[in-house]
Amino acid sequence: MKKTLLLWAIFAGLMCLLPLFTSTGTLRIFIFANFLAIFAMSWDILSGYTGYISFGHPFLIGIAGYTTAMLTHHMETPLFLSIPLAVIVTMIAGSLFFFPALRTRGTYFALVTLAFMEVTYGLMQVVKPSLTGGTRGLSGLPLLVTGAIPNYYLSFFAMLLIAIGLWALTRSGLGTALSAIRMDEDAVKSAGLSTSKLKLFAFMISALVAGIGGALYTHYLGSISPRNMFDINFLFTILIAALIGGEQSIVGPILGAYFLTFLLEYLRPYIPGAWRYLLYGVIALIVYYYAPKGLYNIFQAGANRFGEKIRRNGQYGQTT
Amino acid sequence: MAKLLDVQSFTKKFGGLFAVYDLSFHVDEGESLGLIGPNGSGKTTTFNMIMRELKQDEGEIFFEGKEISKYSTHERVKMGISRTYQIPRPFREMSVTKNIRIGIMPDEIMRIIAMNSQSDTERKIGKSVGFKEHALAMYPRELSMGDLRRLELARALATNPKLLLLDEVFAGLTVGEISELSELLKEKRKEGLTFIIVSHDLKTLAPLVDRVVVVNFGQMIADGSFEDVIANKKVKEAYLGK
Amino acid sequence: MGGIIIQGFLLSGLYALIAVGFTMIFSVGRVLNLAYGVYIMIGGYAYYVLAQVLALPKIPSFLGAVLAGVAFGILTYLVLVRRLEDNPIAVEISTLILAVVMQAVIILIFSPAPRSMWPLIPGVIHLFGVTISKNIFLAMIVSWIVLGALLVFVHKTQLGRAIRAVSMDTKGSLISGIDPSKINIVTWALSGALGAIAGVFFATYTQLDPHMWVFPLITAVAVVIVGGIGSIMGSLVAAHIVGFLETITTGVIAPELRGVFTLLLIIVILIIVPKGLLGKEEI
Chain A
1 MKKTLLLWAI
11 FAGLMCLLPL
21 FTSTGTLRIF
31 IFANFLAIFA
41 MSWDILSGYT
51 GYISFGHPFL
61 IGIAGYTTAM
71 LTHHMETPLF
81 LSIPLAVIVT
91 MIAGSLFFFP
101 ALRTRGTYFA
111 LVTLAFMEVT
121 YGLMQVVKPS
131 LTGGTRGLSG
141 LPLLVTGAIP
151 NYYLSFFAML
161 LIAIGLWALT
171 RSGLGTALSA
181 IRMDEDAVKS
191 AGLSTSKLKL
201 FAFMISALVA
211 GIGGALYTHY
221 LGSISPRNMF
231 DINFLFTILI
241 AALIGGEQSI
251 VGPILGAYFL
261 TFLLEYLRPY
271 IPGAWRYLLY
281 GVIALIVYYY
291 APKGLYNIFQ
301 AGANRFGEKI
311 RRNGQYGQTT
Chain B
1 MAKLLDVQSF
11 TKKFGGLFAV
21 YDLSFHVDEG
31 ESLGLIGPNG
41 SGKTTTFNMI
51 MRELKQDEGE
61 IFFEGKEISK
71 YSTHERVKMG
81 ISRTYQIPRP
91 FREMSVTKNI
101 RIGIMPDEIM
111 RIIAMNSQSD
121 TERKIGKSVG
131 FKEHALAMYP
141 RELSMGDLRR
151 LELARALATN
161 PKLLLLDEVF
171 AGLTVGEISE
181 LSELLKEKRK
191 EGLTFIIVSH
201 DLKTLAPLVD
211 RVVVVNFGQM
221 IADGSFEDVI
231 ANKKVKEAYL
241 GK
Chain C
1 MGGIIIQGFL
11 LSGLYALIAV
21 GFTMIFSVGR
31 VLNLAYGVYI
41 MIGGYAYYVL
51 AQVLALPKIP
61 SFLGAVLAGV
71 AFGILTYLVL
81 VRRLEDNPIA
91 VEISTLILAV
101 VMQAVIILIF
111 SPAPRSMWPL
121 IPGVIHLFGV
131 TISKNIFLAM
141 IVSWIVLGAL
151 LVFVHKTQLG
161 RAIRAVSMDT
171 KGSLISGIDP
181 SKINIVTWAL
191 SGALGAIAGV
201 FFATYTQLDP
211 HMWVFPLITA
221 VAVVIVGGIG
231 SIMGSLVAAH
241 IVGFLETITT
251 GVIAPELRGV
261 FTLLLIIVIL
271 IIVPKGLLGK
281 EEI
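Chains as they are written, first to last, in the numbering used here: chain A, 1 to 320; chain B, 1 to 242; chain C, 1 to 283.
Heads up, a few of these hints could be off.
[To be verified] Straight-line C-alpha distance at most 25 Å; calculated SDA-like pairs for lysine to any residue: (1) B/K127 with A/T176; (2) A/K293 with B/M138; (3) A/K197 with B/K70; (4) A/K2 with B/A137; (5) A/K197 with B/M94; (6) A/K293 with B/P140; (7) A/K197 with B/N160; (8) B/K70 with A/D184; (9) B/K124 with A/S172; (10) C/K275 with B/T11; (11) A/K293 with C/R30; (12) A/K293 with B/L143; (13) A/K197 with B/K78.
[Stated by the list, open to error] Interface residues of chain A toward chain C, partial, derived using beta-carbon atoms under 7 Å: (14) A110; (15) E118; (16) L278; (17) L285.
Since the hints were derived computationally from the structure, they do not count as laboratory data. What you are looking at is a predicted structure, and each value in this text was computed from that prediction instead of being measured. Glycine included, each C-beta is placed from N, C-alpha and C at the ideal position.
With the rest of the complex left out, here is chain A:
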């Protein structure tokens, strides 16, 4: 426990010093990675743990983004109000729509959530363009802070706080209970736990994080559009970040988000637009095929084996 806190502190410390060494351009990449990490963690706490694969997280993120965008754009609501409101709206809207979806078993849940995302995409383009900005969306939104460095710290600390919060939550009995649902939901019920309650709680936390991320992200970009939020490629990116990084570990999605963001940036000059998603997809398939547990778990397994070797060597050293 203490060791992990120390690791987090070192990580935080290093990341704080980052702006001294990097250009604004690189910082902006990190900012994106931080937001992606938030979205990936939000996905992981629900889907990674309970096994109810959600294809609708962009829906949650987008609702948050649009709420705060519309409030600030049309009603000039101050940010310290619009952002919390957006998060609340996300959690309510999410529960109203997703909770019936949770009544399906994990398998159909995925498709129902996909339906939500798709339908919202269509709706946002067509319904009340005066409010939502239609296909183009809304721009010229107020920013929380201006400049790469302040935004970097904002995004980083948001991510860090969320990460620590989720990490503490999942290290508790809650993490065990949620992962048990994924392994055998009926057995959890016959151990006397209400899986509906557990799933709803996981979902609310997931929606909360997604809402915060969505609202903050929108006020970093200063604009929002249906293509930005509800496109399947956005879903895809979040999913891959969480999966490659390692499900059921809060650190995994962070790793995955950073890895993916930098991979994309590195490949960008070499790969023309249309090929990009093909490549991500193929890489994702390969990684998932051979290492479904993700990078984090590979590191962990490696670290465990390494630790064992040291222990064993120590033992042998003592007997001889």
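Add chains B and C to chain A, keeping to what the hints say.
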């Protein structure tokens, strides 16, 4: 002696077939009831209905005098009924202690989050079913069938049941494992736990039960002491054919 | 209005076909194939390439499209699913990734812009005083024929009965000596074929579009949830409900809102009747 569980006229149909038909029986507090019958006679279906993993088509079920048909599985577990499965269902990617922890967990989110590691309670339960210290950290894939059944039992006991349903808990065990498990159940019986035991192994079952109910084709054909039931003509026909 | 009602009826056949192709995999393999929508997309694009670009005659083009679907169905199984079979969540995710990859491939080959396809049979007929495109009428007829043939196959042939056996009880059928691998290949091939057939008509009715694989999935899940699992009658009834809903939405209200009322219907059913209208088990 108060009736702990009272099942009345349970009926369950699958397609055109009655798995259970007009089945009624009861278990008194502290009693140990054997539920036997040939393969496919409806024993596991009955357990499933008691635990609400299946809903009975007709019939009522009383626990501690209260009709509980409307309560879901986890609610019935909270009331005090727990079961093991014919084919063990451990949580595959969790150690023995973590498996038991799920059984211990209260059904309240805040309390689950606040739960300490609980290692002591888990270990105690684990050892009480016969796990050695080093085995507690093992994973289901490393366990023998005997140990898996022990794990099922531990997890069921962790929920603090008043009534424990054991479904073919001796199947697939070695002679040594059977005798160990038997001793364990005898101890729990002494502690006052109420049982319904389903088993094909009549020899092992005999010393563990006060009374036996025999079912065939989903219907009860005998209810009495072990000796009486074994001598019953209908029972002999059911097992051996006319 | 009459035209819309008739059109809704006609479309329901197609929707039923889409739903059946999708649920086959689920009942037999117990896995969710999110790449199913891709079979529909491939069916559409394959027919387009064969019949419009290469100007081959219609029937060989149609068969070519079906073959493409079959091939892709089998490939999905062999490459992805077989290895991940005991992990249904992994199958869900990897089939989704595959679908996105295929979307990217289609974009690369054909460009992201939607394309219109010529109808299989141009022209209109007059039915009950209403004008209907012959193409949609053909879609309905073909759908029902295929569904009928499927029913016969599944009930009267050895192979078909084996498939039913596996869908009812995997372990029992293993004991009876049925080879699960062969059954799976056949089922996935069938699913691919059904999807491709539906895809050809679906594409002519709407448009070819690299994104078109999503909507059929939503339709299929709507039909299953509304109709209920384990009930063919339920699927047929639900296909009609969804079909009418869709047609009315796109015809009378606004084409962009397609899917909205379907989604609302899904939610309502899930809240009020989670087993579906005629379902036998909870999903």
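Hint-by-hint comparison with the structure:
For the hint pairing B/K127 with A/T176, the CA-to-CA distance comes to about 21 Å; that is within 25 Å, so the pair holds. Distance restraint check for A/K293 and B/M138: the Cα-Cα separation of roughly 20 Å lies within the 25 Å cut-off, and the hinted pair is therefore satisfied. Between A/K197 and B/K70, the direct Cα distance comes to roughly 18 Å. Compliance with the 25 Å bound is thereby established for this hinted pair. Using a Cα cut-off of 25 Å, the hinted pair A/K2 and B/A137 holds, with the two alpha carbons roughly 22 Å apart.
For the hint pairing A/K197 with B/M94, the CA-to-CA distance comes to about 22 Å; that is within 25 Å, so the pair holds. For the proposed pair A/K293 and B/P140, the alpha carbon gap of about 19 Å is at most 25 Å, so the pair holds. At most 25 Å may separate the alpha-carbon atoms for a hinted pair to count; A/K197 and B/N160 meet this at roughly 21 Å. This hinted pair checks out: B/K70 and A/D184 have alpha carbons roughly 23 Å apart, not beyond 25 Å.
Using a Cα cut-off of 25 Å, the hinted pair B/K124 and A/S172 holds, with the two alpha carbons roughly 20 Å apart. Between C/K275 and B/T11, the direct Cα distance comes to roughly 21 Å. Compliance with the 25 Å bound is thereby established for this hinted pair. For the given pair, A/K293 sits about 22 Å from C/R30 by alpha-carbon distance, which is consistent with the 25 Å threshold. For the given pair, A/K293 sits about 23 Å from B/L143 by alpha-carbon distance, which is consistent with the 25 Å threshold.
Between A/K197 and B/K78, the direct Cα distance comes to roughly 15 Å. Compliance with the 25 Å bound is thereby established for this hinted pair. Restraint check, A/A110 versus chain C: the minimum CB separation of about 6 Å is within 7 Å; hint holds. For A/E118, the interface hint holds, the least distance from its beta-carbon to any beta-carbon of chain C being 5 Å, beneath 7 Å. Look at A/L278: its Cβ gets to within about 4 Å of chain C, closer than 7 Å, so that hint holds up.
At a threshold of 7 Å, the smallest CB-CB gap from A/L285 to chain C is about 5 Å, leaving the interface hint in force.
Of the numbered hints listed earlier, not one is contradicted by the structure.
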